[in-house]
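*Asks:* Residue numbers (our numbering), protein chains in the order written: chain S, 22 to 169; chain V, 22 to 169.
Honestly, I wouldn't trust all of these hints.
Identical chains blur together in the list; that is why a pair holds if it fits in one copy or across any two.
In silico DSSO-like cross-links for lysine-lysine, where the CA-CA straight-line distance does not exceed 27 Å [what the hints assert, rightly or not]:
hint, residue 1, residue 2
1, Lys84, Lys141
2, Lys136, Lys92
3, Lys88, Lys118
4, Lys84, Lys121
5, Lys121, Lys88
6, Lys49, Lys145
7, Lys152, Lys140
8, Lys71, Lys145
9, Lys118, Lys84
10, Lys128, Lys92
11, Lys71, Lys152
12, Lys118, Lys129
In case anyone wonders, no lab produced these hints; they're calculated from the structure.
Given next are the chains, with one letter for each unit.
2 protein chains.
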Amino acid sequence: MLESISSIEKSYLAGFLDADGSIYVQAKPNETYRFGFQIASYIVFYQSSKDEKAFSDMCSIIKLGHKRVRKDGIIEYIISRQEEIIQFINLIEPYIKLKKAQLELLKKIIDLKKKVQDKKDFIKLINLIDKFRELNYSKKRKKRTLTP
Amino acid sequence: MLESISSIEKSYLAGFLDADGSIYVQAKPNETYRFGFQIASYIVFYQSSKDEKAFSDMCSIIKLGHKRVRKDGIIEYIISRQEEIIQFINLIEPYIKLKKAQLELLKKIIDLKKKVQDKKDFIKLINLIDKFRELNYSKKRKKRTLTP
Numbered sequence: 022m023l024e025s026i027s028s029i030e031k032s033y034l035a036g037f038l039d040a041d042g043s044i045y046v047q048a049k050p051n052e053t054y055r056f057g058f059q060i061a062s063y064i065v066f067y068q069s070s071k072d073e074k075a076f077s078d079m080c081s082i083i084k085l086g087h088k089r090v091r092k093d094g095i096i097e098y099i100i101s102r103q104e105e106i107i108q109f110i111n112l113i114e115p116y117i118k119l120k121k122a123q124l125e126l127l128k129k130i131i132d133l134k135k136k137v138q139d140k141k142d143f144i145k146l147i148n149l150i151d152k153f154r155e156l157n158y159s160k161k162r163k164k165r166t167l168t169p
Numbered sequence: 022m023l024e025s026i027s028s029i030e031k032s033y034l035a036g037f038l039d040a041d042g043s044i045y046v047q048a049k050p051n052e053t054y055r056f057g058f059q060i061a062s063y064i065v066f067y068q069s070s071k072d073e074k075a076f077s078d079m080c081s082i083i084k085l086g087h088k089r090v091r092k093d094g095i096i097e098y099i100i101s102r103q104e105e106i107i108q109f110i111n112l113i114e115p116y117i118k119l120k121k122a123q124l125e126l127l128k129k130i131i132d133l134k135k136k137v138q139d140k141k142d143f144i145k146l147i148n149l150i151d152k153f154r155e156l157n158y159s160k161k162r163k164k165r166t167l168t169p
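Based on the sequences and whatever the hints tell you, model everything.
*Replies:* What follows is the structure, encoded as structure tokens:
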């Protein structure tokens, strides 16, 4: 399916993501997970609900992810499944101009996450996630306590 | 020069404009103008200053307009000369998915502005500008008093 997206469409989506899309990774405290955190990644597009029809048409090109209408009327188009994120990155990466570093790091994080075996690996993963936060917000690193 | 922009680049710029660009027209009260208003149109791209280098590279493809750094650190890339707006619209219009109506109306406004001969024409122009505001903000029309 995705192979049918033309390079013109991919380039459009890259421009859309560069301008206003979000790419982020969260380490959410969750005790049911082995090291006390759930790692979740997202690629999100936004639009106001007045452009819903055209925005939905645009998103339907992608054939990945899902749509969500927020209480404030903003529509989010969210890709959050790991395999879909990788698929999408591979599609648009050659056309991205501003957010190349984020896409590269996100691929690295998803790859490392699959390989985590012990606490040492997990700390490495958390450090990459902090690096990602810095790319996005230029903020200080969060302090986290790993369990157990 | 502009002919050298590839359709891939045009499509990227269209995605960028659809996602986060502004297209707007203002009727600014100004008594030195014949009917008491200066009509000014803008196409603007935004980016935070941390991406300045990549953003400038992107804007340099366009070879129109100028860059401005706002006090809050946001960089604006602004196309405001009428002929340049028309040139730019012609470049990207075929690739635009969300803001087609704005581009169409802006072309109409710039065209009508050139032809204004009397107050009746000018009122027609002001009405088009109000229609443009509605497209952008879904707000009520402004009340304006024309001079003289």
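*Asks:* Within a copy, between copies, both or neither: which one fits Lys88 and Lys118 at a CA-CA cutoff of 27 Å?
*Replies:* both (25 Å within a copy, 18 Å between copies)
*Asks:* Can you give me the call for Lys84 and Lys121, within, between, both or neither, at a CA distance of at most 27 Å?
*Replies:* both (22 Å within a copy, 23 Å between copies)
*Asks:* First find the shortest C-alpha distance between Lys71 and Lys152 inside one copy, then the shortest across copies, and answer within, between, both or neither for a cut-off of 27 Å.
*Replies:* between (36 Å within a copy, 15 Å between copies)
*Asks:* How do Lys121 and Lys88 come out at 27 Å by Cα distance, when the copy is not named: within, between, both, or neither?
*Replies:* Close inside one copy (24 Å) and across copies (22 Å); limit 27 Å.
*Asks:* Are the CA atoms of Lys136 and Lys92 at most 27 Å apart within a copy, between copies, both, or neither?
*Replies:* Classified as neither: same-chain Cα gap 37 Å, cross-chain 45 Å, threshold 27 Å.
*Asks:* Checking an output row: Lys118 and Lys129, CA cutoff 27 Å. Within, between, both or neither?
*Replies:* within (19 Å within a copy, 32 Å between copies)
*Asks:* Given a CA cutoff of 27 Å, do Lys118 and Lys84 count as a within-copy pair, a between-copy pair, both, or neither?
*Replies:* Answer is both: 23 Å inside a copy and 17 Å across each meet the 27 Å cutoff.
*Asks:* Within a copy, between copies, both or neither: which one fits Lys49 and Lys145 at a CA-CA cutoff of 27 Å?
*Replies:* Classified as within: same-chain Cα gap 16 Å, cross-chain 56 Å, threshold 27 Å.
*Asks:* With identical chains, the pair Lys71 and Lys145 could be close in the same copy or across copies; at 27 Å between alpha carbons, which is it: within, between, both, or neither?
*Replies:* Classified as between; 26 Å across copies, 43 Å inside a copy.
*Asks:* Is it within a copy, between copies, both, or neither that the alpha carbon of Lys128 lies no farther than 27 Å from that of Lys92?
*Replies:* neither (31 Å within a copy, 35 Å between copies)
*Asks:* Evaluate Lys152 and Lys140 at a C-alpha cut-off of 27 Å and name the case that applies: within, between, both or neither.
*Replies:* Only inside one copy: Lys152 and Lys140 sit 18 Å apart there, 60 Å across copies, limit 27 Å.
*Asks:* With 27 Å as the alpha-carbon cut-off, assign the pair Lys84 and Lys141 to within, between, both or neither.
*Replies:* Classified as neither: same-chain Cα gap 37 Å, cross-chain 50 Å, threshold 27 Å.
Hints 1, 2 and 10, counting from the list given before, are not met by this structure.
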